[in-house]
Amino acid sequence: MEITLGQVFALLGAALAVFLPGIGSARGVGMVGEAAAGVVAEDPSKFSQTLILQALPGTQGIYGLLTGFVVMQRIGLLGGNLLPLTTHQGLMVFAACLPISIVGLLSAISQARAAAAGVGIVAKRPEEVAKGITYAAMVETYAVLALLASILMLFGIRLA
Amino acid sequence: MPRDEEFLFTSGRVKALENRLLGRSIIERILEAEDTEAVLRVLSETDYAPEFEEAGSIYDFEKALENSMKRTFDLIRESLNDRRIVRFFTLKYDYQNLKVIAKSRILGSEASGSLSRLGEVPLDELVKLGKDEADAAVPEAMKTAFEAAMRIYEETRDPQQVDLLLDRALYEELVELTKGIGHQFLKDYLAASVDLTNIKAMVRLKYMEADFRTLGKALLPGGTLGQDFFEKYYQEPLQSLVEALSSSRYAVVVKEGLEKWIATGNPASYEKLSDDYLLGILKKGLYKPFGLETVVGYIGARENEIKILRVLLVGKINGISEDLIRERLRDVYV
Chain A
1 MEITLGQVFA LLGAALAVFL PGIGSARGVG MVGEAAAGVV AEDPSKFSQT LILQALPGTQ
61 GIYGLLTGFV VMQRIGLLGG NLLPLTTHQG LMVFAACLPI SIVGLLSAIS QARAAAAGVG
121 IVAKRPEEVA KGITYAAMVE TYAVLALLAS ILMLFGIRLA
Chain B
1 MPRDEEFLFT SGRVKALENR LLGRSIIERI LEAEDTEAVL RVLSETDYAP EFEEAGSIYD
61 FEKALENSMK RTFDLIRESL NDRRIVRFFT LKYDYQNLKV IAKSRILGSE ASGSLSRLGE
121 VPLDELVKLG KDEADAAVPE AMKTAFEAAM RIYEETRDPQ QVDLLLDRAL YEELVELTKG
181 IGHQFLKDYL AASVDLTNIK AMVRLKYMEA DFRTLGKALL PGGTLGQDFF EKYYQEPLQS
241 LVEALSSSRY AVVVKEGLEK WIATGNPASY EKLSDDYLLG ILKKGLYKPF GLETVVGYIG
301 ARENEIKILR VLLVGKINGI SEDLIRERLR DVYV
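Each protein sequence line maps, in turn, to chains A and B.
Using the numbering used here, the first residue of the first sequence is number 1, and each one after it goes up by one.
Using the numbering used here, the first residue of the second sequence is number 1, and each one after it goes up by one.
Rather than coming from a laboratory, the hints here were simulated on the basis of the structure.
Computed from a prediction, not measured in an experiment: that's the story for all the values here.
Just so you know, not all the hints are guaranteed correct.
[Stated by the list, open to error] SDA-like, lysine to any residue: derived pairs with alpha carbons at most 20 Å apart:
no., chain 1, residue 1, chain 2, residue 2
1, B, Lys288, A, Thr134
2, B, Lys283, A, Arg125
3, A, Lys124, A, Ala26
[Unchecked claim] Quick list of simulated restraints, FRET-style, between CB atoms:
no., chain 1, residue 1, chain 2, residue 2, range
4, B, Arg83, A, Ala55, 29 to 39 Å
5, A, Ala15, B, Pro2, 52 to 62 Å
6, A, Ala26, B, Glu120, 35 to 45 Å
7, A, Ala55, B, Asp276, 36 to 46 Å
Built from N, CA and C at the ideal position, the CB exists for glycine as well.
Modelling step: build the complete structure from the supplied sequences, incorporating the hints.
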């Protein structure tokens, strides 16, 4: 079987959707973790509350992976018989991957900043942790919207 | 310029530590305490408990306060990669020690008792420098400043010249340090503190009717108001200085503080207002979740707190009335 340029583009899109939000989430979770470690160094009882905040920027990486899987499934990579995609089809798959790739990367870092600020709330008023979580979770909206756009596009493209 | 992300861990720590800063209610309780016994009881509920317990007597409060501040410096130093941030605060204690060393050399006495342990240059090395030993391990800039100070004393026989020269050397080094760190917040803070000190120096010299040359020597480098500004207003009545600064950012300090100083001849109000102004700059750190501001704000807040406690304790030990102490109290950070 000959490899087409379209297949290369589609795979590139899948790769992008996995690694960009992955980088964002890794950075984000790392940032919140640092701030949380600072608080826990002084007050170990705050561990569980800060852990919730730390986990929040991790979702973008999962969304990216999900998108990557959908691409792999749609182009037949998972089943073992890759569809012979045209260049145009490949580029369409690639385009569909862009929303979650870019928004995932940037929103994870923005969310981390909000969550790190939430760690400050936990340090001062641990009973108000829910408010800190809410502030950080608001950022999630835009990652979810990007995921939705990417998935809708991927299922809408006719590949067969 | 260091990025906010570099301060994440330390900021988290600082946010937890901010809880232990003394609030207004604690200050009030100390103020209202009947005797030193009661003061100690209030302090035993605070973060100062171990230091005062170790000191044993309230009369050793200087040592307790110093130990408490040292603990903060050590804590920030160990959690921050960039040691220059703490250095920004500890440098003045080294120069203060240098002044003590210089003075004891002039008087031919022993200095080691009155040296601050908050500086970063080992005290033994400073004493060595005072004895003119060549192998004293003191930073080059401080060595040069010390030698210049000794030279100027040989020439003028005026110990005040030594203080002026060492103050200048300290601020020159601070300016270099903030340039190296490259953060605007620290630069602004330093500039405001220099400006307010320079205004104070100028007014004081004017009252002393000192000559023009002394003014030039007394002004510190690194402020936003230049030498020519002070030289211009040195020749005019003080009221015109107040007017010139009434539209600047120091308006609050100048209007109330300087006016009172001119009216009563007492700089206490000006000093209090300028300390409160500087604390106001630092307070930015309280509202920033993480970054250099948070860390610097906390260190400044701790220094301010120690200052407040010193006023309180000196007042309480000497049985000064509540109102008189209250007048001298600075604002608190939290």
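Which of the numbered hints are not met once you compare them with the structure shown?
3 and 5
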